[in-house]
Amino acid sequence: MAKRHNKQNSWLNIGIVAGVSAILLSYLFVLDNFFVPVGATSTNAVVANVVVPATCFTVLSNINLNFGSVSPGQSTTVSNAVMDNDLVGNNQANAFIDGTNWVVITTSAVNYLPSNTAWNGVSGGTVTSSNALQLSFANTNFVVGTTATTNALFYFGTAVPSGQQADAYSQTINIENSC
Amino acid sequence: MNGLRHFSYFLLLAILAGSIALVADAQIGEVAGTPHFNVSLGSTQTLNYTILSAANYPIGFNVSQIHINHINNKTDPVVSVSPMRGIIQPHTPVQLNVTVYMPTTNNTPGDVWHGYVSVVATSVNSTGGSLGGASVQAGTLKQLYIAASPAKTNWLMIGGAVVAVIIVIVAVLHFKGILKFGGKPSRPSARKAARAPARKGAKRAPKRASKRQPARRKAARKPASRQRRRRR
Chain B
212 MAKRHNKQNS
222 WLNIGIVAGV
232 SAILLSYLFV
242 LDNFFVPVGA
252 TSTNAVVANV
262 VVPATCFTVL
272 SNINLNFGSV
282 SPGQSTTVSN
292 AVMDNDLVGN
302 NQANAFIDGT
312 NWVVITTSAV
322 NYLPSNTAWN
332 GVSGGTVTSS
342 NALQLSFANT
352 NFVVGTTATT
362 NALFYFGTAV
372 PSGQQADAYS
382 QTINIENSC
Chain Z
8 MNGLRHFSYF
18 LLLAILAGSI
28 ALVADAQIGE
38 VAGTPHFNVS
48 LGSTQTLNYT
58 ILSAANYPIG
68 FNVSQIHINH
78 INNKTDPVVS
88 VSPMRGIIQP
98 HTPVQLNVTV
108 YMPTTNNTPG
118 DVWHGYVSVV
128 ATSVNSTGGS
138 LGGASVQAGT
148 LKQLYIAASP
158 AKTNWLMIGG
168 AVVAVIIVIV
178 AVLHFKGILK
188 FGGKPSRPSA
198 RKAARAPARK
208 GAKRAPKRAS
218 KRQPARRKAA
228 RKPASRQRRR
238 RR
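From first to last, the protein sequence lines are chains B and Z.
273 is the number that my numbering gives to position 62 of the first sequence; each next residue is one higher, with no gaps.
167 is the number that my numbering gives to position 160 of the second sequence; each next residue is one higher, with no gaps.
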């Protein structure tokens, strides 16, 4: 019993000594912070590293193309324009394009193929002499840079197949820059 | 003076209208670089595809197409993207995980596929209007390069198979009596062979390292001693 009592005492002593030491140490730290010599200067060098990833963006100037009224079997000229630029990004991109089927607006029923829409880099051409839109993406080989002078202009025209019923049709065209 | 003021208002309005027309688009973008997948036959590989928005408002995104150029007499790799849709917060990149599985059927190491993942911005609902027409969506397209590499050696599976074969061999040897565990004969015929000479009083069977044998010998001797007594 006496031995155990001694052990307890020794642990108690160690605890007290440790506690007092910790208090003194923290007190010293506080003092150290308070009593900074006046006029003393210190210089710390901070090295900052940042990696800016190369990015490209797709920004379109026009998102609605209204071809007006086109009779079945007739077509428009390729003149509706969309400007694609990458002014926000820091890396030049290639523009890709695809389109969905033409659907009836009221019922969303698929009606005729996206290839009835044509795109071109220049305006005024015919639908048949321009590039037909496809369901899968096509590389336009248009380079879209990060300056205002290196944007891409898309001109669109459409043809309505013969025998098409009178209705309002819509299509979604995707223009996507890739880098 | 008034005319100049009106002109400046008009100019301001024109600039505002122009800027609205510009921000009306989603300004979706991507981090440059083509992910090169080098996928072992029968396994998968995942790489990140980072998309971002330069708009100062959240925009929605939607993975609209995953496309792989088909090669004749080959099985196309299976490409999946996660998540397929979501929201890009302003100036906060979103990482899409592009996972490619390389089927083993018809494919050999060195086969290469090209493809792409297309992501469109969905926040701006542009419409052709009730009059009809086309709406143009902005998006970003990531081209993929996928190559097939040799199947990885599954050492765990090979090790398991080797252990299984060893167990079968040991079991067969034990059953045939070639390999014995402990001293007990594994087959009844072997036991008979051990007992038979004792009954007939002929030569004993060769000694075996068994704890039970002494007892068996004693049992075998008893009839012999009885025979001697009878002779007397």
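Simulated from the structure, these hints should not be mistaken for lab results.
Virtual Cβ for every residue (Gly too), placed ideally from N, Cα, C.
Be aware that a few hints might be false.
[Unchecked claim] Once the Cα atoms are required to be at most 25 Å apart in a straight line, the calculated SDA-like pairs of lysine to any residue come out as:
1) 81(Z) / 349(B)
2) 81(Z) / 43(Z)
3) 81(Z) / 346(B)
4) 81(Z) / 347(B)
[Said to hold, decoys possible] Cβ-to-Cβ under 8 Å is the rule here; a few derived chain Z residues that face chain B:
5) 35
6) 37
7) 61
8) 119
9) 123
10) 125
11) 141
(Q) Please verify whether residue 81(Z) and residue 43(Z) have alpha carbons no more than 25 Å apart. (A) At roughly 19 Å apart (the allowed maximum being 25 Å), residue 43(Z) and residue 81(Z) satisfy the hint.
Q) Going by Cβ atoms only, is residue 35(Z) closer than 8 Å to chain B? A) Result: holds, 6 Å to nearest chain B Cβ.
Q: Could you check if residue 141(Z) really has its C-beta closer than 8 Å to a C-beta on chain B?
A: holds (4 Å)
Q: Hold the hint about residue 37(Z) up to the distance rule: shortest CB distance to chain B must be less than 8 Å.
A: holds (6 Å)
Q: Verify the proposed pairing of residue 81(Z) with residue 346(B), using a straight-line Cα cut of 25 Å.
A: Status holds; Cα separation ~23 Å.
Q: Decide if the proposed pair is consistent with the structure: residue 81(Z) and residue 347(B), CA atoms, cutoff 25 Å inclusive.
A: holds (21 Å)
Q: Would you check whether residue 61(Z) satisfies its interface hint, that is, whether its CB is within less than 8 Å of any CB in chain B?
A: It holds, given that the least Cβ distance between residue 61(Z) and chain B is near 4 Å, below 8 Å.
**Q.** Supplied contact hint for residue 119(Z), tested at 8 Å Cβ to chain B
**A.** violated (18 Å)
Q.
Quick check on the hint: residue 123(Z) CB to chain B CB, less than 8 Å?
A. Constraint on residue 123(Z) satisfied, holds at 6 Å.
Q | Pair hint residue 81(Z) and residue 349(B), alpha-carbon separation not exceeding 25 Å | A | OK: residue 81(Z) and residue 349(B) at ~23 Å, within 25 Å.
Q. How about residue 125(Z): closest beta carbon in chain B under 8 Å, or not?
A. Given a least distance of 6 Å, the restraint on residue 125(Z) holds.
Hint compliance for this structure: hint 8 is the single one not met.
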